[in-house]
Amino acid sequence: MTQLQHPQNTEATGEVSAHAHPEAWKWYHYFTFNVDHKVIGIQYLVTSFLFYLIGGLMAVAMRAELATPDADLLNPDLYNAFLTNHGTIMILM
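Using my numbering, you'd call the opening residue of the sequence shown number 26 and step up by one each time.
Hints in this document: simulated from the structure, not taken from any laboratory. Some hints could be false.
[What the hints assert, rightly or not] Distance ranges between label pairs, derived from CB positions:
no., residue 1, residue 2, range
1, Ala92, Thr113, 19 to 27 Å
2, Lys51, Leu91, 17 to 25 Å
3, Thr72, Leu108, 16 to 24 Å
4, Leu75, Tyr55, 12 to 20 Å
5, Ile65, Thr113, 18 to 26 Å
Each residue gets a CB set at the ideal place from its N, CA and C atoms; glycine is no exception.
Please take these sequences and the hints and turn them into a complete structure.
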């Protein structure tokens, strides 16, 4: 019993296979689980832009902390964490 009982020849019948594009997949599933090189490029660009924004927001927070001597926006430990993460994000991402 090595033959298929119901062959899925879509060219001959003109039908679309049920496994081609399941209805349950949404756009986020498409961009999360796709291995197409064009989709991976879009994922890379979106991720890079998001990390750029996060690093930029950290830079703005550090600048706001240093703007005046009395600024108490970030405590010293959080400032050091922002500085380290900002440097890592902007260099590596």
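Honestly, do isoleucine 65 and threonine 113 meet the 18 to 26 Å range at C-beta? holds (23 Å)
Holds or violated: 12 to 20 Å for the Cβ distance of leucine 75 and tyrosine 55? The hinted range 12 to 20 Å holds for leucine 75 and tyrosine 55, with Cβ atoms some 18 Å apart.
Just tell me: holds or violated, for the beta carbon distance of lysine 51 and leucine 91 against 17 to 25 Å? violated (44 Å)
Taking 16 to 24 Å as the hint, is the beta-carbon distance of threonine 72 and leucine 108 inside that range? Because 22 Å falls inside the window, the suggested range holds.
Using the beta carbons of alanine 92 and threonine 113, state whether their distance is inside 19 to 27 Å or not. holds (24 Å)
Of the hints listed earlier, the one the structure fails to meet is number 2.
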